[in-house]
Amino acid sequence: MLSIKNLHASIEGNEILRGINLEVKAGEIHAIMGPNGSGKSTLASVLAGREEYEVTEGEVTFKGKDLLDLAPEDRAREGVFLAFQYPVEIPGVSSTNFLRTAVNQVREYRGLEPLDAVKFLTLMKEKMKLVEIDQKLLSRSLNEGFSGGEKKRNEIFQMAMLEPTLSILDETDSGLDIDALRIVSNGVNQLKSEKTATIVVTHYQRLLDYIVPDFVHVLYKGRIVKSGTKELAMELEEKGYDWIKEEVDSQATV
Amino acid sequence: MSTLTKQDSFSSLIEAAPKNFESVRTLAKVSYLAQGLPAVKAEEYKFTNISKKLEQKITDFSPALPFAVTAEHVKSAVYEGFDGDILVFANGNFLPELSAKIEGIEVSLLSEKSELALGSIAKPGKDAFAALNQATFQDGIFISVPKKAQVEKPILLLSFDQANGGQLIQPRVWIEVGDLSEVTFIDQSISLGESSYFVNEVVEVKGGVSSHVHYYRIQNEGKNVIEVSTIEADIQKDSTFNSVNISLSGDMVRNNLNLNLVGSNSEGNMYGIYLLNGKTHVDNHTNVDHTIPHAESNELYKGILADQSRGVFNGKIFVRQDAQKTNAFQQNNNILLSEDATVNTKPQLEIWADDVKCSHGCTVGQLDEEALFYLQARGIDKLQAKGLLLHAFAGEVLEKIKTESFREYCDSLIQERLGSKF
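These protein sequence lines map, in sequence, to chains A and B.
Under my numbering, think of the first position of the first sequence as 1, with each following residue one higher.
Under my numbering, think of the first position of the second sequence as 1, with each following residue one higher.
Derived from the structure by calculation, the hints contain no laboratory data.
Given the structure is predicted, the values throughout are model-derived calculations rather than measurements.
One or more hints might be untrue.
[As the list claims (entries may be wrong)] Okay, derived cross-link-like pairs now, SDA-like style, lysine to any residue, Cα gap no bigger than 20 angstroms in a straight line:
#1 B:Lys382 x A:Thr96
#2 B:Lys113 x B:Phe142
#3 B:Lys382 x A:Glu78
#4 B:Lys382 x A:Asp69
#5 B:Lys382 x A:Lys226
#6 B:Lys382 x A:Leu70
#7 B:Lys400 x A:Pro91
#8 B:Lys400 x A:Gly92
#9 B:Lys382 x A:Val88
#10 B:Lys357 x B:Gln331
#11 A:Lys226 x A:Ser250
#12 A:Lys151 x B:Glu370
#13 B:Lys382 x A:Asn97
#14 B:Lys400 x A:Ser141
#15 B:Lys400 x A:Arg140
#16 B:Lys382 x A:Gly92
#17 B:Lys402 x A:Gly92
#18 B:Lys382 x A:Thr101
#19 B:Lys382 x A:Arg110
#20 B:Lys382 x A:Ser94
#21 A:Lys151 x B:Asp368
#22 B:Lys400 x A:Leu70
#23 B:Lys382 x A:Glu89
Construct all of the structure, not just a fragment, from the sequences and the given hints.
Spelled out as structure tokens, the structure:
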């Protein structure tokens with residue numbers, strides 16, 4: 001589904017990603033872990049199409065298409081979803097209007113009829129249950145005055161509404177209490193299928209107790225330096241990132 | 001020196017002015033001649049060189065004559081959903097035969113009210129253009145709302161302007177609102193044709209005690225219109241005056257809005273949007289004068305500027321020594337969509353009282369890129385995402401319009417503008 005080859009990206013002249021290689025197939029969950037500043041969020045941002053980042057080398061194909069060639073909105077319409085680390089508050093834009101615009105633009109791109117108000121509300125009600133989100137929240141401006149947990153739940157709710165094939169969760173767990181973490185993870189687990197894939201970007205192993213990954217990759221200094229299964233995540237939880245840093249840094253000095 | 005030539009042109013206009021309101025006109029004439037047209041360095045017109053603009057664009061310094069407006073014109077010009085009474089004007093001249101007779105409200109030509117103290121609210125000494133209007137206006141309209149009248153439906157002041165050859169249109173409006181009354185006015189002008197002309201409007205509002213006046217204004221005239229307006233109101237005890245001004249078009253527009261809070265527990269609210277493109281230049285100068293204790297003023301103007309447009313905001317708040325317990329809030333926010341667009345914003349607070357709450361702030365920025373990306377990342381195309389954000393930005397002002405049909409009309413004009421290439 002997603003194929004990343006030798007991806008290099010920089011921001012304001014600083015190279016953050018230095019040759020990422022990653023293959024994600026339908027039905028898989030990949031966890032990307034790593035210490036702060038290793039490039040995890042940059043990778044998520046580059047995949048979603050954030051303009052500040054400049055891709056200097058490499059290629060990314062998504063369902064056979066050159067992903068890097070697509071505008072952010074077209075990536076979303078193709079089925080890439082980024083759950084933001086810091087969801088943006090947008091005063092004056094109602095959550096419901098925003099979602100309806102988004103859903104219908106995505107549907108139009110996929111050759112589907114737009115949803116009328118009734119069908120849209122029915123779909124909304126159904127998906128709201130998934131993330132236990134309150135109707136009251138959605139009658140407010142988008143994310144405005146939401147707590148951290150509410151914002152993250154709203155991200156997963158939007159994901160449920162847009163039905164992506166590839167979901168990228170960028171530190172969705174950071175700042176969540178156990179209860180919110182459980183709700184968010186439940187939502188993600190219920191949405192996964194044989195046809196979809198998920199990339200979970202996280203600093204902590206904790207989330208992976210709830211969303212069990214098929215593969216775990218460790219990102220450090222802009223490269224994937226170690227890949228394994230969920231046991232790798234356990235090892236990281238126990239030993240921290242220092243041993244990996246040492247391993248990589250000693251190789252670099254040789 | 002060229003400005004002087006214009007002054008001479010206006011002087012001949014003064015000589016040819018109608019003979020009624022003699023003392024009122026003489027006073028204004030003296031005031032106008034003493035002030036002259038604003039010079040290039042005039043502080044109040046620093047960013048809006050209207051004198052030069054008139055120099056370039058106005059060729060004929062005679063009043064534009066009334067012309068035949070038909071019922072069809074009116075019908076096609078009134079916005080969809082409007083439910084109220086319409087007063088029709090042609091080049092500033094009131095057309096009684098096309099206008100509604102509104103029950104309980106007196107409407108007459110100013111020339112029939114020669115005893116009126118015109119200029120006692122919008123004093124000619126404050127501004128040369130107000131003085132020019134007062135010295136030379138052809139005729140105007142007098143509107144009086146009696147005491148204890150809840151005028152439920154809005155009154156639309158609908159002006160048709162067609163001044164070929166760059167002539168002058170000088171509407172003059174006097175509104176009286178009785179004690180305990182409430183009324184809503186919508187002020188709208190329609191340009192017939194694309195020619196350049198100069199509108200110099202003065203509206204004076206004399207509110208009663210415990211009266212509530214809503215004055216909404218939309219400026220969406222021809223691209224070549226040059227306009228100066230002065231709206232001034234005295235706000236009495238327990239009264240409110242709500243002004244919302246939406247500017248969407250024109251060549252050079254200067255709006256002077258002056259609210260005088262003269263009775264305690266009075267409230268003056270000033271809201272505005274300027275959504276500009278091309279080379280349109282819109283200058284909003286507002287002035288709220290707190291002269292008594294326990295009064296409140298609120299102000300929010302928002303600007304969205306594309307292309308080479310220019311916005312000017314100057315908000316003066318005076319809090320006189322006696323005006324203790326004043327609440328005065330002012331905010332001006334701007335979004336520039338182009339490198340060539342300009343905003344000059346200046347809050348100006350002069351406070352002599354010591355027990356007051358006043359705040360002001362102004363911002364000039366670009367569209368929030370992070371918010372834009374967020375919307376795009378959900379599949380919304382960039383143009384539409386921009387439109388959503390800008391519409392939300394303007395929405396805070398739009399919601400101040402209490403007349404639903406008019407709010408929706410303004411909203412649709414704004415949405416239409418934001419949805420296009422802008």
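Q) If you check each hint against the structure, which ones fail? A) Result: hints 5, 22 break, sorted rising.
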